[in-house]
Every structure is written in structure tokens, then in C-alpha cells.
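Participant: Each chain, letter by letter, is given below.
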Amino acid sequence: MKNLSYIMLLLIVAFGNVTAQQTPAKSQTEAITITGATAHIGNGEVIENSIIIFENGKITNIGVNGSATAKGKVIDASGKHVYPGFIAPNSTLGLVEIGAVRATDDDSEIGGFNPHIRSIIAYNAESKIVESMRPNGVLIAQTTPRGGWISGTSSIVQLDAWNWEDAALKTDDGIHLNWPSPFTRGRWWLGEDPGFKPNKKYTEQVIEINDYLYQVKATIQSNSGKKHLPHLAMAKIFDGSQTLFIHVSPEKAILDVLSFIKEQGIKKVVLVHADEAYKVANQLKQENIPVLLTRTHSTPNYEDDDYDLPYKNAKTLMDAGVLVALENSGQMERANARNLPFQAGTVAAHGLDKEKALQLITGNTAKILGIDDMVGTLEVGKDATLFISIGDALDMRTNQLEKAFIQGRDISLESHQTKLWKRYNNKYSK
Amino acid sequence: MKKLLLSLLVIFMGFTLNAQEYFPKNDGVKTSNSNYTVFTNAIIHTSPETEIKNGILIIQKGKIIQVGTSLTIPKNSIVIDLQGKHIYASFIDPYTNFGIKKPEKQGNPFGGNPQYDASREGYYWNDHIRPETNPLKDFSYDKKKAEKYIKEGFGTLNTHMPDGIIRGTGLLVALNNHGTEGERLISDASSQLLSFSKSAKSKQLYPTSLMGSMALLRQVYLDASWYAKGNTNNKDLSLEALNRNKNLPQIFEAGSRINGFRADKVGDEFNIQYIIVGGGDEYARIDKVKATNAKYILPLDFPEAYDVSDPYMAKLVSLGDMRHWNQAPTNPSVLAKNGIQFSLTTHKLKKIEDLTTRIEKAIEHGLDKQTALASLTTIPAQILGKGDILGAIKKGAYANFLITSQELFSKDNVIYENWVQGHKNIVNDMNTTDINGKYDLTLAGKTYELSISGKPAKPKAEVKFGETKLGSKITYKDDWVSITFTGIDTTKTQYTRIVTTINNNPKFWTGKAILPNGAETTFTAKQKPKEDTEKNEKKPEDKKEAPKVLPITYPNIAYGTSKLPKSENLLFKNATVWTNESEGILMETDVLVKDGKIAAIGKNLNSGNAKVIDATGKHLTSGIVDEHSHIAAAAINEAGHNSTAEVTIEDVVSPDDINMYRNLAGGVTSIQILHGSANPIGGRSAILKLKWGESAENLIYNNSPKFIKFALGENVKQSNWGDRERVRFPQTRMGVEQLYIDYFTRAKEYEQLKNSGKPYRKDIEMETLVEILNGKRYISCHSYVQSEINMLMKVAEKFNFRINTFTHILEGYKLADKMAAHGVGGSTFSDWWAYKYEVNDAIPYNATIMHNQGVTVAINSDDGEMSRRLNQEAAKSVKYGGVSEEDAWKFVTLNPAKLLHIDDRVGSIKVGKDADVVLWTDHPLSIYAKAEKTIIEGAIYFDLEKDKTNRKAIAKERNQLSTMLLKAKNNGLKTQPPKKKEKQHFHCDTVEHIH
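The listed protein sequences correspond, in order, to chains H and B.
Okay, so the first sequence: first residue is 18 according to the working numbering, each after it adds one.
Okay, so the second sequence: first residue is 7 according to the working numbering, each after it adds one.
No lab work stands behind these hints: they were computed from the structure.
A few of these clues could be false.
[Said to hold, decoys possible] No more than 27 Å apart at the CA atoms, straight line, and that leaves these computed lysine-lysine pairs for DSSO-like:
#1 B:K987 / H:K218
#2 B:K149 / B:K554
#3 B:K985 / B:K554
#4 H:K447 / B:K824
#5 B:K207 / B:K235
#6 H:K329 / B:K936
#7 B:K824 / H:K214
#8 H:K296 / B:K962
#9 B:K697 / B:K952
#10 H:K329 / B:K987
#11 H:K269 / B:K697
Since this is a predicted model, take the numbers as computed values, not measurements.
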């Protein structure tokens, strides 16, 4: 014990305060086989006592233990659980470090229509918050700009990288549109009631957004030779190669969004937040519109609502056949993104099957973000972005990671926080 | 014309009558008029309870000389015969700002540097205390507005400057449009007015909160009595005025039921019984309203119906607000039935003219007419201490009275005249001939049917030709009738006009007609016999149903209960019991709850008369205790001073917050509502049991341990408040230490003086700090960074006391050994960090390290959302650092109970402790656990099954009320757009604003 402390002390002296970030892991060189674990595939299926093999960053085999021969380094994970890396969509991870310190704040550009603004540029791969995601199993994020009517373009990153280029799984995956709210708050400082009331400018604001898209389409057709950067940045939402993420919550606004999509001929749309999507679940299913649902850990919007409305919301949508995943934007969204698994667990507590709850942060998210060819489930051919937990990873007691891999790379599960934990444990054990 | 001359004459007489005897006169000879005006044969309602039939009323020089039946009429009298008419005292409104403009807020509320000190010199240190205000210099008699009041029946108004917390004196003004200011002004110190709202004339910050207003009022009263004893060297015009105004009626604009309770509480502490200007929502907790023993002044601004025709918008309106629309008109009658005296006021009515319809509505909703009359006459007169001269028809009183056609508040009543100080004001000409009836109108060879109905002085006309109804308009004035109506061919725009005087024969008119083509001719109109027409009209009115009023609940919003839950004897069979005691976790065990306490724990317990609850496969724990909550409060931060030990959250507990119910659904039974972190010395706490439905005072623990919030770091330095906030000390952590040393040094000096027996100025802030020094009040200190945590412990040690709890304490792990040595507990977040610079080193292992070093550790929420899942937050300590499940569970139950010094009552399942328990569907630390039943002192406050029933009932009642709202809209009533009331989620950092 004494020796161990000594070694730890040495380590701390050597590295303790020098590196702000864990060193990204080296590429996978040797095949790795995990045996005996309960494999949660991320598509609703489970394999008890499984064998998982990955080579050169890709999963090459998964099945019941014994169905294949182990290769390379073998990790016995009997009694433990393997999950695909969790995905945090609609996140500002890496864009802001400390909420109250403006100098660290890079998530929101000025101006109303910013489709050309790209979040990937500001993504800080060495953020202390980013590294704190990994010990909870969150290994992938969609880093997303905020503000304005059109905030800009998001990108999808994996959370163990030297720089933003390394981090990018898929750059410029989608454009984010903030739909106007049919409700508005009173301006108390002018003596108005501070509550919510109908937004008189709603229609006007919807027209403004429609008009912008008509302009975009005209620009795309133009052969004047003059480049209009913001307009051109939106071209791909009309051919389906980029997704339009529409941030919208009230039922009426969602219905207006459905008309807007048809009117504008937008190919691929995802609703974000969508608190009240459950009220129009059938239409969403019919029109095949997926939802990145607002955080489970929130209070109901209305006094009369069921206390567990946010807890069961995802289940209602899933039962109706809507493709749904969880997102975590809102207050303290970056630090709390590591609680994504527990947000899914809460849905399971309120009636959803546990494996389906897992889909809300893995397989479904990957499908919605259009990265399901790479990640989201434990299937052959996909990235070996996965982790081993000693128990149920949706429950905080047992979400305890032993190992995590991103593209087969054996990543560090340490962080600024675990370093402090060790340093002070050591202080007291003297 | 004759009548017109007559009224001019009266006015003229009025002028001469009221010229002051000792005033010099240069525009003629000096005269005095001592003639009498006598009203005979009237039904005189001398008071709401008494009437004189065939009465005689004699007035002279603006006063009532005599009233009775067989009186001798002086020879020099003008006699007015009021056969069949009624006389009532004119109304009094005790709460207006008639003739006084409310000052406007100055400048941009976000502009300029914050102002901490007073703007004035020679007055109290706080600009919002203005008892010296005599609004006479700002008063300008508003004749036009007065006419509106006169038309509604008012003779006297109490008015004031509606500005500030103590607002100065009121003016009692007679609505004598013919007199001089000297005659009208009955009193320039009729009352003293108060409120919780700040003056618009000053930007002085303190108080920024409701509880600050309450604390300020208390200190002002203390200072006034100190000043009265001559202990102060300086001149303080405010305190002098306050002492002067002491014996006046004290009228407090509370504006809501609960603020009425708050005002009354402050008043009671100083033996002052305020007259409370209510909010119209008193009906929902009438017992408590009665317990104030206050007289009320009730506004009649019943909410307009919400327009729920668009269902997407309609959801903004909560069940509580819908109910309030439905129930508010019962407010006056509920008070009346409970024997609470009240006066009515036009305050808050958009138009004074709305008064009559609102009173009618209140009467429809059960208010008896006699009380309605008293609330406009005798009671306001009494409230203002002027019962001898106002509000009744009696000898010596002002000749302020109404002449009406019928009993007041009856459907067809018309106010004819409103006499004020002996001056006649004609509201409706009482000599108007009633021309209502049906007529045969013959004109240019055709006969039309003309019907005239409505109020005699303002009739409505309908003209029919055969079955065709024609558009028509009638004017009736000074005995002249003119009617315009459209042609028979409705496709053409054609008008026929007729005009005549009815002086010759009101039942048979002949007059001039002008045809659409401009030709003049004559017409006749002959009235049909009246009887058969009247019979037909009266019937539908009698059928009018009593309005449907839905029952109230406690609280009166969704998920409220019609009856408060009662303590039951319960036997939980076969549960996994988390005792939090040395017994640990007991499997398949029974727990008996009796008389609100844990009565027995064991196997195969006998149920006796207890209700048996099968808990097989379920877990029973003590209820969750949240050491750091901000729900159920109307205010959190008093940010106006760097120390606000004088304020207390107990003053502002809000029992109507739905988050209480939601917390119960998360297994929470006790909370400490802490003051926020806007200043180094914050306010005192309220410790509550979440007895959903109870009043604020019943939520607060009996013999509650005393706590106060302190705070350190960025918030108290105002680091994130913007660049203008650079004027309040301290701006650094260095300054924070000195602030504490300064305050505690002063508190010691204060105590020495107090104990010496010499006179001392009682200072609520210092009294609180002395309690801390003597270990009678505990500190829970908002803290992040180790340096400042260390500092506060050293400061406390210097003054020989101990810090009780560091709350947040995110760097507690860095000095857990020092904390253990000091004996302070740590109440922390499980995993919050990175939201500001000082939480950069916050780690989720904090609880574990502190726990391992022997610190009593709790996990708190500081958040109305997270508090619903504190069991999950506790479980994170198992993940981060491997705390045992049993200990982790104590982080949200026994340990916070210890930190709050309530562990002798709650926090574990132990025989004799309060039965505050939760039955969980699963392992309580598991993400999959739901609270199935949450019990406080043996009463079930949350039950999953009951919750399901509630949901159905809410949907049903919303639907029922929506239908009623739609009906109201279709009946043409005015509506308001749907609105959602602001329900602010408070955190430590929330600085709320009072306007």
C-alpha cells in the first residue's frame, strides 16, 4: 500500500498538473477479444455470455461465446456488460469550457441566419469537460452551435482526439434551425406580467424563416457567379445530404413545422427538444420524422401536467413508432451530458424496456444523426467504439467502466477529476 | 327648460351657501343661506339594517339636520316629494388614488450604477419609507373622474400617493364638484397607507425582495419607538411622521391573500391591526383570512374569461387559473358568510363604471344585498373612523345620499340623484316620463309596431313592419323623442326619422316625420294597453339559474386535495426496511405506524386496527431530507445589502407551489428553504415538512431549529453580475473575511450594550448575529473554494462558535480534514461543475472524500428538478468513490437531518420517530425506483394510485371549465388571451425583482 502511494505520488508529481488533457490513445494494432460479457447491442437485443472481437478499429465478430475463436488480446468480462459508446446529440461540448467566463464561450455567433457557421472549428478536443464524459460511457457527441433563427452547422465528434480534425466522425452533418415559439414571455421590466402569453409576432417570424429559404433556393439556381456564403451553406438540405435539425417544442409549432417541411421540400428533418411531440406522435410516424427528445431530467412545463411526463415522454413516442433518441441541452448541459445514461435509465424506470431505453442513447441516436453505418450498435463492420461496465450502465450505482474503446483505441478513463480524486485520497492516506 | 333652470338654481344656491363665514367678500354683499331642503315621503334607508317608510329628511348647509317620520318642516324649506323613491347613504371608497398621479419609474431599470444608499437627507435611511408624505401638494381634484364616481353612487373617496412601502397619509375627499377644496377635504390625515412595493421615486436597492420589505417594516417600527424616546441625535422626519400617524387607520395594500397574511403577521408583532386591501383570492383559505382578525378592502376585478377557443393556446391556462375565474366572484360572499367585515373598492377595476355589474355578479354569487350596501357605506366609514359623519343617514352626518327608483342592487333600479355635501348631482332625471311600451306607429299610410323598453331615461326601441324587423335608434331627452329607422326594403339604404315631444300626451304622440325622400309629413303613435306586454317579458328573468361554482381544494390548483390527509395507523408488511440505524437494512420486515410515529419494527407484527399495506418486494425508507432547496418560496435573495440577517424565508413560504407535490413524488418529506447567495450574510431559513395542502405556517417545523445562510465566493463578490456591480463591498475574498469580522465584532458590542441594561437600539440584524455567536442559530454557508472555506472556519473559531454546514462545498475534499476537525458538515452536489470559474475543481468524488474523513455528508439539490431525484444523486456516491449503499442512502436522509438538527424527529426508521417514510417500488438507490407512497407523520401525501385518479379528475375539470369559458365567450362576455403564470425556478443565484 505504501509503495502504491509512493508510485502514485510520483505519477502525480510527474504528470499531475502538467497535462490538461488525457493523452489520446494510439491506434489499435492488435486484435482484442472480449469474452463472457452481457452484450447490449443497442438495437434492442442482448447477447448473454458473448464474444466480441475487434481489429483495426472495427468490430469483426460478435456472437454467443464459443461461436468464434478469440483473437489477439483477450479480456475476460464474465459477469460484466458491454455497451456501444453512448452518443450525446445536440450538445455544446467543446464549445464552452466555463459557463460564466465569457472568454471560454464559443457556442453562439451574432446574427439571425448563420448556416455557414461551423461548430467543428471551435471544438476544443482538449476540454476538461469532454474527457469527463468518457468514464460514464459517453464517447460520441454532436457538437452544435446555438443562437439566432439558424444557428449554424453541427459536426459529430468522437471524444478522444488531439484536435478537431482527428475528432471529427462526420463534419457538417446538419444545420440547426430554431423555430419561433407561439408563446412569449411578458417583459416584466416594462410592467408586463412575466408569464407566458400568445406570441403576436409568431406568424411574422414563421414567414421570415420561409422567406429566407425561398431566397436560398433562388441563390442555388443563380448563375450570377457571386457567392452568397450563408445561402450556399444550406444547399444540401434540399438534396438530403445534410439534415435540417429543427428545434421546436409546442404542439402547434410542430404542426407548423410539418407544413413547412413539405412547402420547402426539405429532404431530411429531425425535430429537436420536441417536448410535445407525443401529442402528434401519429403524424410524426406517418411522415417519418425522428425526434431528439428534450432531457428526461426536467420538470413538466405546465402545472397541471403529470409529474412524470418528462420521464415517460420517450416511451410514449417509441410506443407510437416514432424514431426517438435523447438529447440533453439546457442549463449546465455540458457538465451534465455525462448523465445521459441515467436519463435513459429514468425512462426505463417509468415503463420502457431497458434495452429499448438503451436505444435512446445508442442505436436510435446513430440512425437519427446518420452515422449508423459507423457507430451506435455492436455489429460487425462498425467502429469498435464501446465499453465494458461492471454492471448496468443505465444505473448510476453500476455504471462503472473498466475499459473503453473508441475505434478500437484503448482510451484513458482518467480525467482532471479523477486526478484530483487520487491526489487528495493520497493526501489523506499519508 | 323649466327643470334645467331649476337645477342651475340649485347649483347657484350651493355656491352662496358654502362661502366661508370669515372670508372677506369683495364681489357683492355678504349673504348667508340658512334655508332647508326637505325630502318627504321617501323610503329612507338610514343604515343597511334600518329603513323608515314615508320618511322625512331635512338637510341644511351640507349636513343632515334631522331624519324621521313626523318631523316639523321649517318654514324656510324647499320641499321635494320623493313618493315611492328610496334614499340611501352615498358610497365611500376607502382605497383610491383619485386626483393623485402615481409616480413613474425613473429611467432604464438596467441603467446606471446600483444605488445602495438613500437619496434623501433628514429622512429615514431607506427611500421607500415615506410616512411623511402628505399627498395634498400632488392632489388635484379631478372633476371628470369625480363625475364617474358620482354616477356610480360614491360621495366620498379616500385617496393617497400609491408609492413606497410606507406611503404617508390619505386624504378623505367629498365628491363635491360644486364646492371648494376647503369644503371637499374632510381629512388630510384620514389614514396611513402601506404596501410591500418600493417607491418609484428612488432606485435605492434595498429591499429587493418581499421578505426584505417585511424586515424593513419591522425595523422601522423599532426605530420609530427608539426615536420617540429621544434616543437619537439626528432629525428624522420620516420617523417623526410615523409616530404622528400611529393612531390613524393603517391600510395595507397586500394585493393577494397570502401577502395579506404576511402583512398581518408583521402588524401583529407590533400590535398594529392593518386593514388589508386584498387580492380577490381570499376565498381559497378563508379560515386563515378570518384568523387575521383584519377588516378587508376587497377589489372587484374578477378575472375575465380566458379565450380557450384555440386549444393549443388554451393549455397555457392552468386549472388553478380557470378555477379562479370561476370562483373569484364568490369572494365577497365567502367573506360575508364567515363574518369577516369588508369594504368594497373600485381599486383595480379598469373602469369605475364596472362597479355595478361586479356587485351584481357578487350578489348572483351569494352576496346578500344588505352586506353589499354596508360594504359601500357603513363599513368603509368605520374603517376610516368616520362613522359619525359618513356612511349613514343620520343627524349630524354629511348630506351625502342617493335617491333611487327602487331598492339598490335590484335589477331595474335607477340612481336618480347623488347628493354630496348637500349638493344635488343628477344622475338620471327622476322626472323622466316612462315611455316604455308598445305603440302603433302610423306614418304615410303604413302602420308599424314600435316597442320601447329598458331604463326609462335611456330606452331602447324596436321597429317592426309586419314580421320584418327594421334597424332603429332612439334618442329621448328633455321630453323629446326622436327615432330613426330603416326602410322596409332592406336592400336599400333608406332612413325615416320621426320627432315629437311627449309633453302633451305620453300615450298618444303626434309629430313630424321626415321620409327617405326628404319629404316632411306627420305621424302618430298610440300606446297599446300595458298589462299583457309586461307579463310576457318578466318570465325569463326569474328562471335565471344560480351560477355553478366548482369546489376549492388545498392548495386551490391541480393536485390539490379537497380534504387534508389525516394521520392513519398503517402496517407495512414484509418490506425491505432501510433503518439508517445500527440494525442496518432489514429484510422481510414489518413496520407499524401509529399516531404519526413509528410504533414498531419487527417480524409478523400484529396489525391491530392499522391499515395493512403489502410491501413484499418493496423498500421502505425514511423520507428524503433536502438540505438546500428553493421551492415553495415567494422570494429567495435579499440582495440589497451585503448583510441581510434580518430577513427570513419563513416570511415568504408559498404553500401553493406544485413543486412540493412533485418533490413528494420523488420521496422528499422535509426541506430547508435557504436564502440565496447574493450576499456574505444572507437571510434566515425555513425548514418545512412537505405537507401538501397545509398553510405556510403549518408547513414550517414546530420548534424549528434556527438557521441562516451565509455565502462566499463569486456570487457575494458579484463577479458574474455585470460590469456595473462594482460598488458594493466586498468585491474580493479578502474583503469577505473583513466583512464577517466587522459584523461579528459589532454584534459582540451590541450584545454587551444590551446586557449592560443601558438603553439600546433594537436591531434585528444584530439580534440574529448574536444568536449565531451564542450557538443558538446555525450557519449553512454556500461555498466552493478551499481558501474561503478555511477562512470562515477561522473566523468562527476566533469568535468561539462553529460553522454548522458548508453547503455546495465543492472543494470540501481539499480540506476535509480541517472540516472534520472544526466539526462542520458538508452538504454538496453529487456532480455539478464547470458552470463558473470557482467550480473548476469540483469533482463528483467530493462527497466520498469528505465522508471518508469523518465529515457528516449530505447531498442536496438547490434545484426544483433535481430534488425530485435525490435518491439517484445519492447513488452517484456509490459510483464515484465506492461509498457503501447504506451510507450513500444516509446522504439524503439521516445526514441532512443531522445537519438540520432534526434527526431526533426524522431521518431514520426508529421507534418513536416521526413516521415520515417512503415506500419504493424498487431498491431506493436504483434508477428504476419510483416512490409509491410518501408519508408524513402517518398521513399519505403522495400515492401513485391516487395520482392516477387525480390526473383523470384534472382532465375532467379542465374540460368542464373550458366549456364554461366557451359559453361565457359565446354570451358576448369580454375575454382575455390565455396566459401562463410565471413559476420561476429558484437557485442560489436567482436575484428576483420586486416592482
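Participant: Against each hint, give a clear statement of whether it holds in the structure.
Facilitator: Each hint, compared with the structure:
Pair hint B:K987 plus H:K218 holds up; C-alpha atoms about 20 Å apart against a cutoff of 27 Å. For the proposed pair B:K149 and B:K554, the alpha carbon gap of about 41 Å is over 27 Å, so the pair is violated. With a CA separation close to 23 Å, the supplied pair B:K985 and B:K554 stays within the 27 Å bound. Proximity of H:K447 to B:K824 is assessed by CA-CA distance (about 15 Å); at most 27 Å being required, the pair is judged to hold.
Taking the CA atoms of B:K207 and B:K235, the gap is about 30 Å. The hint is violated against a cut of 27 Å. A hinted pair counts as satisfied when its Cα atoms are at most 27 Å apart, and H:K329 with B:K936 qualifies at roughly 12 Å. Between B:K824 and H:K214 the alpha-carbon distance is near 52 Å, which puts this suggested pair outside the 27 Å criterion. At most 27 Å may separate the alpha-carbon atoms for a hinted pair to count; H:K296 and B:K962 meet this at roughly 18 Å.
A distance of roughly 16 Å separates the Cα atoms of B:K697 and B:K952; the hinted pair therefore holds under the 27 Å criterion. Restraint check for H:K329 and B:K987: the C-alpha separation of about 25 Å stays at or below 27 Å, so the hint holds. A C-alpha spacing of about 37 Å is found between H:K269 and B:K697, which places the hinted pair above 27 Å, so the restraint is violated.
In terms of the numbered hints stated before, the structure departs from hints 2, 5, 7 and 11, listed from lowest to highest.
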